[in-house]
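Working from the sequences, and respecting the hints, build out all of it.
Next come the chains, spelled out residue by residue.
There are 2 protein chains.
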Amino acid sequence: MTAERLIYLPMGGAGEIGMNCYVYGYGQPGKERLIVVDLGVAFPDMDTSPGVDLIMPDISWLEENRDRIEAIFITHAHEDHVGALGHLWSRLRLPVYARPFTALLARMKLEDAGQPTDQLRVVGPRPAISEAGPFRVQFVPVSHSIPESSALVIDTPVGRIVHTADFKLDGSPVVGEPFNAQEWHVIAHEAGPIRALACDSTNVFSPLPGRSEATLAEPIRALVAGHEGMVVATTFASNVARLKTLAEAGKAAGRHVCLMGRAMRRMLTAAVESGVLTDFPKVLSPEEAAEMPRDNLMLIVTGSQGERRAAAAQLSRGKYLGVEMKQGDMFLFSSKTIPGNERDVFRIWNALSVKGVEVVDDHGGLYHVSGHANRPDLEAVHDLMRPQILLPMHGEHRHLSEHAALARSKGISTIIPTNGLMVDITGDIALVAGQVETGRTYLDGTVLIGALDGVVRDRIRMALNGLVMVTVLLDEDDRPLGEAWVELSGLAETGKTGRPLADEIESDLTAFLDRADSRTLTDDDKLEEQLRRIARQVSMEEVGKKPEVIVVISRLTTE
Amino acid sequence: MTAERLIYLPMGGAGEIGMNCYVYGYGQPGKERLIVVDLGVAFPDMDTSPGVDLIMPDISWLEENRDRIEAIFITHAHEDHVGALGHLWSRLRLPVYARPFTALLARMKLEDAGQPTDQLRVVGPRPAISEAGPFRVQFVPVSHSIPESSALVIDTPVGRIVHTADFKLDGSPVVGEPFNAQEWHVIAHEAGPIRALACDSTNVFSPLPGRSEATLAEPIRALVAGHEGMVVATTFASNVARLKTLAEAGKAAGRHVCLMGRAMRRMLTAAVESGVLTDFPKVLSPEEAAEMPRDNLMLIVTGSQGERRAAAAQLSRGKYLGVEMKQGDMFLFSSKTIPGNERDVFRIWNALSVKGVEVVDDHGGLYHVSGHANRPDLEAVHDLMRPQILLPMHGEHRHLSEHAALARSKGISTIIPTNGLMVDITGDIALVAGQVETGRTYLDGTVLIGALDGVVRDRIRMALNGLVMVTVLLDEDDRPLGEAWVELSGLAETGKTGRPLADEIESDLTAFLDRADSRTLTDDDKLEEQLRRIARQVSMEEVGKKPEVIVVISRLTTE
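If you read the protein sequences in the order shown, they are chains A and B. If you read the first sequence in my numbering, its first letter stands for residue 3, the second for the next number, and so on. If you read the second sequence in my numbering, its first letter stands for residue 3, the second for the next number, and so on.
Please note: incorrect hints may appear among the correct ones.
Identical copies carry no separate label here, and so any pair may be met within one copy or between two of them.
To be verified - Below, in silico cross-link-like pairs of lysine-lysine (DSS-like), each with a Cα-Cα straight-line distance of 27 Å or less:
id: 1; residue 1: LYS357; residue 2: LYS412
id: 2; residue 1: LYS328; residue 2: LYS284
id: 3; residue 1: LYS498; residue 2: LYS548
id: 4; residue 1: LYS253; residue 2: LYS338
id: 5; residue 1: LYS548; residue 2: LYS528
id: 6; residue 1: LYS328; residue 2: LYS412
id: 7; residue 1: LYS328; residue 2: LYS357
id: 8; residue 1: LYS321; residue 2: LYS253
id: 9; residue 1: LYS328; residue 2: LYS253
id: 10; residue 1: LYS357; residue 2: LYS321
id: 11; residue 1: LYS338; residue 2: LYS321
id: 12; residue 1: LYS284; residue 2: LYS321
Everything labelled a hint here was simulated from the structure, so no lab data went into it. Source: prediction; values computed, not measured.
Written out as C-alpha cells, the structure reads:
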C-alpha cells in the first residue's frame, strides 16, 4: 500500500494577483481527499482580454475529480476570492463553508447565477471546527480590507497547515477583528510545529511595516473639515472600515453622507445584516442627497480604479444621479491605483481637473493604507509561525519568488508553487508531485469560454490589424458572377494611391478571378487562400497593414 | 490699425505627456508671424488606439497657416519632441532649427521618411541667435535625460519669452551641459522682465528636489561589481549619460560591454558623431558578445518600458542575438515605468523571474533619476525667472492645473492653456484669444488617419463585441436564393442552447428572409437593418453579447 501524502495545489492566484483558488489534499497519491480554498475572479484588460467580463480559473481538473472534493472554503468576500462561486458552483455542486458576512455575499453570488444556496454552510470562527474528510478546518479572524477576513487553520493527519489568505497585521482595524498575536502564538504551538504556511505575497516588495486602518481617521477628518465645497471620496466598496471612516469624517464636518454605486450600497447592507457593522452614520439616498445644499454633502462613491461605468467615472464626465461636481469641490482617492489601472484613474483625475475640482490622492499613505502584509509584516509572521515549509501564495511570479527568497533567508524550506504545480508537503521539505493542467476561463457575455479557444485572439487581431471581408459569387459552372465585393472595418479608407482601399482590393480580386483556372475556382480552400493573400497584399501596399480577412464564397447550384 | 499682439498656442503636449508642439506668434490678430517649437509623437495603447503606430498632433491649422510660419525649432531629440518631424514635415516644408546632436537625429527622421534635409539648420547654443521674423531665438543648454537639451530664449518686440522645454536642474549631468544658475540669472535680467515662462509640468507632483545623474554612478558600480552572473541593464536608449554610467560600471567590474537594440546603437553613434560623447567605453557587437564567457558580460538593452519587440522583452522570452538569461543572472531596470506601461514591464519581470533571474528595479531612485524638474525645482525656476506670466506646459490637465496653482501661490499670473487654446500674452496677464481646432493624427501602417475618422473606433468595437458577417443572396426577382450565410470572428462558437451560434443566427435570418415582403427585399437599407437587428438579437440571447454586424447583400441582376 502506497503511503498517504499531503498535497498543495494552486489553481489560481499563484502567478497573478487575483483569481485565487487553492487545493489541499490528503490520501494515497491520486486518491487524495480534497478541499478547495476560494474561487475568485480576476479582471480583464484591453491588452489581453478585450470584451471579456470576468476571468476565472479553469477548474476542469476539479470537475474531473469532483467526487474526491469534500468542500469549498471561502476565506473572505473579495471578488478575487469569491467572485467565481456563482459562475462555477454548478460544475462542482459542493458544500461551501464561510463565516456570516462572507456567506451572505456568497449567497448573493449564487442567487444572481440562479444556483441553489442550500449547500452554503455558515460557520463561526475558531474554536469552531468544520470537518471535511481528513481535514479539520478553523476560520481564524485576520485583519484585511474587508470585514470578517479569515485565515484557515487546517489540521491534517500529518500536521497543521496555516493558510493566511489575504491579511495584514492591524491591531485597530476600525471594523472587524484586530490582529491577535497571542492567539497566533497559540495556533503556532498547540498542535506541534506548523507543517506549512501558505502565505499572501502581494506586498512583499513594500519595504516598510504596514500601517493601521485607524491611522486614517484623523487625517481624513481634518481634510474633510477643512473644505468648503462638496466632498466626494472613493474607495473599494468592500472596505467597510474605510466607508465608516469616511462617513464619520463627513458627519463630523456636519455633512450629509450619501453612498453612490450599487456595489457600495450592497456591501453596506450586507455588513449591517450580518452584524459586522453596527454604528454607521445615517446615510441619505442619492435622491435625498440631490435635494440638499451641495456644500453640505459628502458622497462616498464606487470606482476608485477608474472603472468606466462606476460612480466616480460618471461624476467625472457630468451629472450623476442628480449631482454634478464643480469648481471648488474636492475629490479624494482614498485608495491606491492597482498597477495597470493608471490610465483609467488619471482619466478621471484629468476630467475632474478640467471641471476645476481639487483632486486629492492617497498622499503617500496619509489617506489610504493597504490591506496586505508588507515585507516586515511577512517576516514577523514567518517568525511567529516558524513553519517547516513556506508556500508563497497570491502573487505574480516575481512576488512568489521574492517571498520564497525571504523565507529561505530565514532558513525556512520553500518552493515556488505556480498554478497547476502539485506540491507534496508531507515531509519537512516541499517536493514537486506533478503538474495539473490549469488555465483561465472567461465569462464572456453569458457564456464561459476558454482563454485559448481563439475567440479573444481573434478580437485582438481584428483590433490590431483591421478586417477585410471578401464576398465572391460563382455561377453553376464555377465561373465568377459579377465582381468581388469588399467591406472594410478598422482600416483606413484610402491609401497610398489616394483611391478607396476597398476598390483597390476589389479590382485586384476581380482581375484574379477573371484569369483563375477551374482547378482554383472549384476548390473552396484554394480559392479562399488566394483571395486572402491578394487582399492582404493590396492592403499592405496601400496602407501598410496586413488585415484579418474573412472570405465568403457563394456558389449558385443547380437545384 | 489693430495693435500687434504676442500669442502662445499649444497644439500638442498641453493635455498629455508626449506629442509636444507649441506655437508662438507676433503681429496683427490673424496675421501673426509664427514659429513652431517641437513636433513630437505620443505612443498608442490598446485601450484607446489599438493597431496604431504613432500618435501625432493634428497640424491642419498649421498647414492652413503655413505661409505665416517662419520656422520650426526642435528643443531636443526625444521622440515626443522630434518624432513627428519626418511624418509631418512635407505638409509644412519649413526651415528646421536644431543643435548638432538633435539635428543629426532630425536628419535621420527626415531621411527615413524620404524627405529632403536641406532645410535643416544646425545652430549653436546662446549667444548664437536665430532670426525668425519678429522673433530672435537662442538655444540655451539645459540638463535633461538626453544630450544637448535646450530651453529657448525667444525675444519678441514686447519682451522675452523663456520656453524651458523638458529640463531638470542638474549640476553634474555626466553627459551634456550642467544647469548654470548664473547664466539663467543673466537671462532673467539682461532684457527686462521675462514676459512669459512656458515651463515643463511633468514632475509637478514629485515633492522632493530632483537628484543628479551623477549620484547613480556609485550605486550602479557597486551593484554590478557585486554580481557573479551575467548582468543586463535597460534604460531609455536616448539617455546617453545613463548608457555611459552603466557601461563604465560594467567596465569597472571587468566585464565586456555590449549594447543591444537598434535605437540604442543608433543613439550612441549619433552622440559620438555629433561630438557630445567622447569617452564611452569600448563596446562589443552582439555577435562578439555571444562568444564571450557569459559571466563576463554586461549587456545594456532597449525596452525599459516593456515594449514587446525590444531587446528586454526578447531576452525575457528566450534567446536573443545568441544570448540567453539564466538562473544567477541579474537584470536591472535603470528606469522608471511610465504610467500605463506597468503590465508590460511586469510581464518581463515575471518572465525573468521564472528563469531564476534576479530582477532589480530602480529601488526608489537609487538606480534611476528622472530627467524632469520636480516641484521644488520648478519653484526655484519660478523664483529665478520671476516671469510676468507662467504658461504651464507639457502635462496632462492635472499637471498643468497643479503647476498653475503653484505659480498663483507665488503671485505669478497664470492660465491653463490646453491644446488649441490661443493665449494672448502681450500684456501682464494672459488672456484667452481664441480656440483653434486641434486633435490627433495617427500613423497607421503607412498612412495618416484622423483619430476621429472612425477607423480606430471600429477596431475597438470589434475587439469588445466580436463580429458577425452576414451574406445573403437574392435572385433576379429579389427573392432569397439559398440560405443566409454567417461567419463569426471573436465570438463564442456555441451559446445557451449548445448549438453553434452561427447556425442559430443563420436559421433566424433565413426564416426572416423567407417571410419578408418584397418592399423589404427590394430595399437594401431596410433589409440590412433588419438582418443586423436579428443577428444582434440572436447573439444576445445565445451568448449575451451584441456584436458588430457586417451585412453583404448580393443581388443577381439580369444583365
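Inset, instruction - Hint by hint, work out which the structure violates, then give me just those numbers in ascending order. - result: none
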